[in-house]
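Enquirer: Here is what each chain is made of, one letter per residue.
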Amino acid sequence: MRRLPYFWTLLFLTLAILLSIAIGSVFIPPADLWRILTGWLSTAPLPESLQTFAFIIASIRLPRTVLILLTGAALGGSGAAYQGLFRNPLADPYLIGVASGAGLGAAAAMSIQWPYTFWGLLVVPLAGFLVAMLTVLLVYSLARVGKTVPTTNLILAGVAFSAFATSLTSFLMLRSTGELRRAFAFLLGGFTQAGWNPVLTILPFLAIGLGFLILSGHALNLLQFGDEQAQQLGLPVTRTKTLILVAASLATAAAVSFSGIIGFIGLIVPHVMRLWWGADYRRLLPLSIIGGAGALLLADVLARVVIAPQELPVGIVTALVGAPFFLWVLRRAKNQGYW
Amino acid sequence: MTMLRIENLFVSYGPRRVLHDVSLEVNSGEVTALIGPNGAGKSTLVRAVSGVIPLLGGTICTNGDDLAALPPMRRARYLAVVPQAVSLPPAFTAWETVLMGRTPYLNFLGQTSASDEDVVRRALERVEALELAERRVGELSGGEQQRVLLARALAQSTPILLLDEPTAHLDLQHQVSLMEMVRQLAHRDGLAVLIAIHDLNLAARYADRVVLLVAGEIKAAGTPRQVLTPDLISAAYHLPVTVVPHPFVDAPLVLPGK
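Residue numbers (this note's numbering), protein chains in the order written: chain G, 4 to 342; chain Z, 4 to 261.
Just so you know, these hints were derived from the structure itself, not from any lab. One or more hints might be untrue.
If you only want the chain G side, here are some residues facing chain Z, beta carbon under 8 Å, derived [unchecked claim]:
id	residue
1	D35
2	S114
3	I115
4	Q116
5	L225
6	F228
7	L236
8	G237
9	P239
10	H274
11	L278
12	G281
13	A282
14	R285
All residues carry an ideal CB built from backbone N, CA and C; glycine is no exception.
Isolated chain G (complex conformation):
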């Protein structure tokens, strides 16, 4: 498995997609799933018996699968970017406050009853996204020293802001009466909104953010040598770090605005990819994007199946499953594993 990283990762993603489409409160047998998918690719109409399944797939499963795919991709990609940017194995997409900002924005928005219209449904995610980006902007401004942005300052400011935002969020949740549970569920992560709206809403941010990150592999490699050496080798360090930070935060903020705070994907997926296929960020970033998408899809399948017909919040599954899995991978690669 040392070779062909893209093949194996894409295979993993494809299987995860198929599972995500097939499994749910109504199980769609693989044979029927195959007939429906091939039927769509040809122009012939589908037989009557498959119409129900086809409807479930098209209007419920597929949009949800794509949303989860995009969210996992954003978390995996920005997790890898943050780990490269901060040169820290504990870095995840929430390091400088995106999660706490999104949580605060969402909780604040949830304390008001919005009408059940197109815009009404968008208010909570929009508020989450805006406050998340605002938090990043504030943290960045606080951390700046002259013309440079030292990573230590970013981490410290991020931690301070996160603590502040989290306590505000807890206060809001305590004060509100019915919304406490809903806000709490948001913080645990889950995919509650149906249809293609969420996908279309976050797609441009993800395209820009992840698109830029995929191109930044070489820059991230250079940054592993430290800001000084990277600059001496010719990289315009401050400008590059800022752009990578913005791109990763954009993708993360967009993703968590609809999915809530899902942990471990952004932390673990890049580590696993690094352990198996090396620390070259030109490869690590795309692989983390694909791997993150697949991992979150699998976690969501588990979340739907484990206590069916109820759904576990995805964030709980990623933590419960992700941590032991990562420890297992770490043990196996103990001697060759390099940070």
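Mind docking chain Z on chain G? Use the hints.
Expert: Frame of chain G, contents of chain Z only:
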């Protein structure tokens, strides 16, 4: 030919003056050693010249071009820096590390061509580290890592080479072999080499010119024999020293004590 001309450099860390009116020249084909006690500003000077510290005043020129005004990418085609081999990312191989030296000539994606790989191979051969190419840097010894960093700087194909205390953590045999290589790079390949070094006798033996920096000011500049005198060195290091002729090399030998 003067390749690097530093004139009236002023650098400070906040309110603290670190470099005061520093001027010096580095010529092609020569090794210029920068010596001085700890805190004198040797590393600061190297870092300021390479552009990672802002200048309060002064100019850094090569052949009339103002280096300080250039963006990092262009500057990196004139100047390459060999830092100390500490906390290098352990996962890259030696080959990948040296390949980073080609960055000034690559696009943002870092796409390399066959000619870049040629340069990397020749750089590794030059420092006698080609057999280390596929080894991870984290597995290499200090001396081997330092040679890889030297190869990386050579891969930058620059006329000027700056070294910041490269022998600081090396064993004796690695110190000697590195200095031999550095001298060859100047004398045989014509590079302009500025090396900040704290070992006075290595400077005496391998440098063509020596510059003495004390408390941010240049106290003396000239040949090793001219600068490594008992008066100058005792005053700089606050320690009585004796200077004798080296037993088998045409260079002074500095010994502490009288």
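Enquirer: Tell me the numbers of any earlier hints that the structure contravenes, in ascending order.
Expert: Hints 1, 2, 3, 4, 10, 11 contradicted; others consistent.
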